[in-house]
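K.L.:
Here is what each chain is made of, one letter per residue.
There are 2 protein chains.
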Amino acid sequence: MKVLIVFAHPEKQSFNHSLLQAAVKRLEENGDEVKVSDLYKMKWKPVIDEDDFLNHENGTRLKIAASSASAYTEKQLTADVVAEQEKLAWADTVILQFPLWWFSMPAILKGWVDRVFACGYAYGVGPHDETHYGYRYGEGVMEGKRAFCIVTTGGSADHYSTRGINGSIDDVLFTINHGILFYPGFTVLPPLVTYRTDSRREEVFENAKKAVIERMDNIATLEPIHYRRQNFGDYTIPQMTLKEGLEEPGQTHFDIHIKKD
Amino acid sequence: MKVLIVFAHPEKQSFNHSLLQAAVKRLEENGDEVKVSDLYKMKWKPVIDEDDFLNHENGTRLKIAASSASAYTEKQLTADVVAEQEKLAWADTVILQFPLWWFSMPAILKGWVDRVFACGYAYGVGPHDETHYGYRYGEGVMEGKRAFCIVTTGGSADHYSTRGINGSIDDVLFTINHGILFYPGFTVLPPLVTYRTDSRREEVFENAKKAVIERMDNIATLEPIHYRRQNFGDYTIPQMTLKEGLEEPGQTHFDIHIKKD
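Sequence order for the protein chains is X and C. Just so it is clear: in the first sequence, position 193 is 193 by full-length UniProt numbering, and no numbers are missing. Just so it is clear: in the second sequence, position 126 is 126 by full-length UniProt numbering, and no numbers are missing.
Keep in mind that the hints were calculated from the coordinates and are not lab data. Every residue, glycine too, gets a C-beta built ideally from N, C-alpha and C. The reader is advised that the hints may include incorrect statements.
[As the list claims (entries may be wrong)] Chain C regions said to be covered by chain X (calculated; three or more residues, Cβ under 8 Å): (1) 61 to 69; (2) 113 to 124.
[Said to hold, decoys possible] Taking lysine-lysine pairs in the BS3-like style, the calculated list, with each CA pair at most 30 Å apart, reads: (3) X:45 / C:35; (4) C:41 / X:41; (5) C:63 / X:35; (6) C:35 / C:12; (7) X:45 / C:87; (8) X:43 / C:41; (9) C:2 / C:25; (10) X:25 / X:41; (11) X:43 / C:12; (12) X:43 / X:2; (13) X:210 / X:87; (14) X:43 / C:45; (15) C:43 / C:63; (16) X:41 / C:63; (17) X:63 / C:25; (18) C:75 / X:12; (19) X:43 / C:43; (20) C:87 / C:25; (21) X:63 / C:210; (22) X:87 / X:12; (23) X:75 / C:43; (24) X:41 / C:43; (25) X:12 / C:45; (26) X:41 / C:45; (27) C:243 / X:260; (28) C:63 / X:43; (29) X:210 / C:63; (30) X:63 / C:12; (31) X:63 / C:45; (32) X:63 / C:41; (33) C:210 / C:12; (34) C:41 / X:45; (35) X:63 / C:35; (36) C:43 / X:63; (37) X:243 / C:260; (38) X:209 / C:63; (39) C:41 / X:75.
Pulled out of the complex, with its shape left as it was, chain X reads as follows (with noise of 0.2 Å):
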């Protein structure tokens, strides 16, 4: 495999840091290629603003899809952002690591996917006719890549479970697992999340390493997450809703995007 490990800590000392550390260990261990971006270390440009472009004319309106598409059709994206972009085409298995910080990724991690993904490469991609709405959920750049989130939590699983007061784990991560990676294309494998990080350090360390290195050996054969692709007969368009009748029993909210086997 090739692995690129997208990572957001700022502390090198830090659980996720040692987790990072034992993956990569492992992936070269089982002989895979590994490359990480250490998003801090890299004092990663984590805004997206009219610097991105390198085509646009400053002072004129910036839109961001608008400029972005442009700037990607004619190379006029910056270097930091292509050499991501480069590590993504090279990778076949594409991973997410990062702390749960207020329900959702680091900013720094935000501002990577807001400025790598860039219009006409991520989204905005392909015809949008009766047929296809667009190169997305399922189709894409990135299409014949598995990707997965490294996620880990203050809170305890109780916390994120289905009756938890945080709301369960899959529904707080589905924007992420489905609105970012599904969507430009990924094979999305179920996230790998470590909860209480900041207690009882040792024990949950430990455990958490174990399972960061089992996942390391399994990321090849894991069952995905079924989320049903969007232009094969599942969705109205352009109106994207799902076709009555196709949800199990059971399924009322995110979880109807999801095929049950």
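Using the hints provided, position chain C relative to the given structure of chain X.
P.N.:
This is chain C only, laid out in the frame that chain X set:
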């Protein structure tokens, strides 16, 4: 009213900025006081790191929650963060205004939350015993203040409907409304969402402007979302799971945390 608008869009000529101007104008006409944190204009530092904590010794291990709590307690947070906390203390109403990028807030706004909502201030507050699990989800520093989001999207309302492929807008925004606003104690009003802002701009804009003006008139009287408060009997402690039987028929996911009338 004293209204703080936290605004996250890079372009002064944007749809979003025009809505911001309409909101500010209306509030001032109504005799309300308004402050705007225009994050791009302020060149807001979006990334939390060791520079955030003036009492953090460089090179020693940075534990975000612990370092944040220590800096908050010892008044060693940076001036830009303190200034935002002072605006929050001043305001009785807080609006987060942003375009929905990759189903969440732009990185610069996420970074405002990550940095301003310090430990000991917006989370990690209060006793954790048999009757209370911290002051959060309905209690906390923002108690008595109202807050809501003004959001624009590229996708259509259908795409964000109950059966829409993006997930319903209520579910997409839950981790912001409930996880970021209700968590530190805000009373949360329904979001004001404008769809398809990239297309048919004038018609969409005129309707959005009307809706914003109407909203500015109704902030004080609008019915909030009835999220269940954490420490008032609905949840087990410390599991923080909703007690059996409290949800209404049909409530199965994030919505179990909303009381129906």
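K.L.:
Each hint: holds or not?
P.N.:
Against the structure, the hints:
| no. | hint | verdict |
| --- | --- | --- |
| 1 | 61 to 69 | holds (count 5) |
| 2 | 113 to 124 | holds (count 3) |
| 3 | X:45 / C:35 | holds, 27 Å |
| 4 | C:41 / X:41 | holds, 26 Å |
| 5 | C:63 / X:35 | holds, 26 Å |
| 6 | C:35 / C:12 | holds, 17 Å |
| 7 | X:45 / C:87 | holds, 27 Å |
| 8 | X:43 / C:41 | holds, 21 Å |
| 9 | C:2 / C:25 | holds, 14 Å |
| 10 | X:25 / X:41 | holds, 19 Å |
| 11 | X:43 / C:12 | holds, 27 Å |
| 12 | X:43 / X:2 | holds, 24 Å |
| 13 | X:210 / X:87 | holds, 27 Å |
| 14 | X:43 / C:45 | holds, 12 Å |
| 15 | C:43 / C:63 | holds, 26 Å |
| 16 | X:41 / C:63 | holds, 16 Å |
| 17 | X:63 / C:25 | holds, 24 Å |
| 18 | C:75 / X:12 | holds, 26 Å |
| 19 | X:43 / C:43 | holds, 16 Å |
| 20 | C:87 / C:25 | holds, 19 Å |
| 21 | X:63 / C:210 | holds, 23 Å |
| 22 | X:87 / X:12 | holds, 23 Å |
| 23 | X:75 / C:43 | holds, 27 Å |
| 24 | X:41 / C:43 | holds, 21 Å |
| 25 | X:12 / C:45 | holds, 21 Å |
| 26 | X:41 / C:45 | holds, 16 Å |
| 27 | C:243 / X:260 | holds, 28 Å |
| 28 | C:63 / X:43 | holds, 19 Å |
| 29 | X:210 / C:63 | holds, 23 Å |
| 30 | X:63 / C:12 | holds, 11 Å |
| 31 | X:63 / C:45 | holds, 22 Å |
| 32 | X:63 / C:41 | holds, 16 Å |
| 33 | C:210 / C:12 | holds, 20 Å |
| 34 | C:41 / X:45 | holds, 16 Å |
| 35 | X:63 / C:35 | holds, 26 Å |
| 36 | C:43 / X:63 | holds, 19 Å |
| 37 | X:243 / C:260 | holds, 28 Å |
| 38 | X:209 / C:63 | holds, 19 Å |
| 39 | C:41 / X:75 | holds, 28 Å |
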